[in-house]
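Work the whole structure out from these sequences, hints included.
Residue numbers (this note's numbering), protein chains in the order written: chain A, 11 to 108; chain B, 804 to 1091.
These are computed hints drawn from the structure, not numbers from a lab.
Here the structure is a predicted model, which means the values were calculated and not measured.
The reader is advised that the hints may include incorrect statements.
To be verified - Simulated DEER-style distance windows between Cβ atoms:
1. Ser57/A / Arg1054/B: 32 to 38 Å
2. Arg872/B / Glu69/A: 57 to 63 Å
3. Ala932/B / Met58/A: 34 to 40 Å
4. Glu79/A / Pro867/B: 16 to 22 Å
5. Ser1059/B / Leu43/A: 20 to 26 Å
Stated by the list, open to error - Listed below are the simulated BS3-like cross-link pairs for lysine-lysine, each with C-alpha atoms no more than 27 Å apart in a straight line:
6. Lys1056/B / Lys903/B
7. Lys40/A / Lys51/A
8. Lys51/A / Lys37/A
9. Lys851/B / Lys81/A
10. Lys1078/B / Lys37/A
11. Lys1056/B / Lys953/B
12. Lys1078/B / Lys851/B
13. Lys81/A / Lys37/A
14. Lys1056/B / Lys851/B
15. Lys51/A / Lys903/B
16. Lys81/A / Lys953/B
17. Lys51/A / Lys81/A
18. Lys81/A / Lys40/A
19. Lys1078/B / Lys40/A
20. Lys1078/B / Lys81/A
21. Lys851/B / Lys953/B
Just so it is clear, CB atoms sit at the ideal spot from N, CA and C, and this is done for glycine as well.
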Amino acid sequence: MTTDQTSGLAPVTADAVAGALHGFLTKRIKTELAPDQDLFKSGLVSSMFAMELVVHLEEAYDIAIIGPELKLDHFRTIEAMTSLVLRLRDAAGTGEDG
Amino acid sequence: MIADYTEHRLAVVGAGVMGTNITTLAVGHGVPVVLVDLSDDVLSLARKTIAQQLRHAQLLGALPPDRPRGGLVTSVSLGDVADATTVIEAVVEVPETKAKVLAEVSALVRPGTTVISNTSCIPIDEMAAWVSHADSLVGVHFMNPSYLIKMVEVIRGSRTGDATLGSVRSLLAALGRDALVIRDSPGFVINRLLHPLINSAAMLVDEGVASPEVVDGLLEGCLGHSTGPLRTADLIGLDNLVDSLNVLYERRKDESCRPCELLLSKVREGDLGRKTGRGFYSYGEAAS
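Below is the structure:
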């Protein structure tokens, strides 16, 4: 965790990512959200907002969401986005030793 | 309908909101594009926007997975449109500017090259006087975002030829778009209905009758609009909307098309909608 703090990035644990996403989303859409609630199916966000989510996650967690990872199913719920962030951080080797 | 995307080479003139949108649609469907604008800065920004829009389109599954991306060339020289099979004019909705660009384009291209105007409101028959081959000119009103909305409005001017209509149908099929063809009239079908609606929605906000959220909420919730009129206005760009309303008002003298004070004041203040981060709504601050 110390490396995350010194690099200025948000702490990366499942709880921290889910909590930060919950804060970000409730602020933007002004609605309380469950971790498994489908943002798109429930009409809470537009297709334009989907891209803002991609950019937000890339900037907040220093990841690149490209190729087959770039599909809507990975952004439907707080749970799905959290697992995407953790997976990409792990794949980039930044999860444990920074 | 033959929809071989390799038969088409597009030139898009004007790298604003619609020019970049149309370029994204074409490149994402494997069709190469030469995108022309007056300014290197505008083109540099357009390249970034197009890259982002291609990601957005992929995210939403809106691109054919089996095609390589079309090449993108950006240029400040209008002469680079000469080799295109179709030229799409997407410059500002100001008659003098469109006249100049269309006259120059039509002098540069080979006879028989389809010339599309993505005009919002200026009638195709008016534009026919500005080009050397009026039978090659046709209106195509792409929606925004062009790569997400499948339907387009095609405007057949009184002098548009059968071959031109066939060519535009082939291009639109290659781009995965569905077309409905109408006759010529200021504002065509969509903007003759939509622009006065947006203007009236802005007047309601200005009069304090309802907030933008409430106006949009009512049209979305009660009338089934997927995007309310004021969110749509922010997507179009309020400067373009005022230009288009002026074109409609000058030609039809319909008072509901005279741009209302709230729209004019937002344009004066530079709050042009999504493209500047603020219009009737604010965009993106929380993402930074």
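These are the hints, each one checked on the structure:
1. Checked against the given bound of 32 to 38 Å, the beta carbons of Ser57/A and Arg1054/B, roughly 34 Å apart, stay inside it.
2. Checked against the hint of 57 to 63 Å, the C-beta distance between Arg872/B and Glu69/A comes to roughly 25 Å, which is inconsistent with it.
3. In this structure the hint that Ala932/B and Met58/A lie 34 to 40 Å apart at CB holds, the actual value being about 38 Å.
4. Distance hint for Glu79/A and Pro867/B: a CB-CB separation of about 19 Å, consistent with the stated range 16 to 22 Å.
5. At roughly 40 Å, the beta carbons of Ser1059/B and Leu43/A sit outside the given window of 20 to 26 Å.
6. Taking the CA atoms of Lys1056/B and Lys903/B, the gap is near 26 Å; set against the 27 Å cutoff, the hint holds.
7. A C-alpha spacing of about 17 Å is found between Lys40/A and Lys51/A, which places the hinted pair at or below 27 Å, so the restraint holds.
8. Using a Cα cut-off of 27 Å, the hinted pair Lys51/A and Lys37/A holds, with the two alpha carbons roughly 19 Å apart.
9. Simply put, Lys851/B and Lys81/A have alpha-carbon atoms about 20 Å apart, close enough for the 27 Å limit, and the pair holds.
10. With a C-alpha separation of about 22 Å, the suggested pairing of Lys1078/B with Lys37/A holds against the 27 Å cut-off.
11. Taken as a hint, the Lys1056/B and Lys953/B pair is broken in the structure, with Cα atoms around 32 Å apart against an allowance of 27 Å.
12. For the given pair, Lys1078/B sits about 13 Å from Lys851/B by alpha-carbon distance, which is consistent with the 27 Å threshold.
13. Distance check on the hinted pair: Lys81/A and Lys37/A sit about 24 Å apart at the alpha-carbon level, within 27 Å; holds.
14. The straight-line distance between the Cα atoms of Lys1056/B and Lys851/B is roughly 40 Å, outside the 27 Å bound, and the hint therefore fails.
15. Note on Lys51/A and Lys903/B: the hinted pairing is violated, with a Cα-Cα distance of about 47 Å set against a maximum of 27 Å.
16. Taking the CA atoms of Lys81/A and Lys953/B, the gap is about 19 Å. The hint holds against a cut of 27 Å.
17. Taking the CA atoms of Lys51/A and Lys81/A, the gap is about 15 Å. The hint holds against a cut of 27 Å.
18. Distance check on the hinted pair: Lys81/A and Lys40/A sit about 25 Å apart at the alpha-carbon level, within 27 Å; holds.
19. Taking the CA atoms of Lys1078/B and Lys40/A, the gap is near 23 Å; set against the 27 Å cutoff, the hint holds.
20. Proposed proximity of Lys1078/B and Lys81/A is supported: the alpha carbons are some 24 Å apart, at most 27 Å.
21. A distance of roughly 23 Å separates the Cα atoms of Lys851/B and Lys953/B; the hinted pair therefore holds under the 27 Å criterion.
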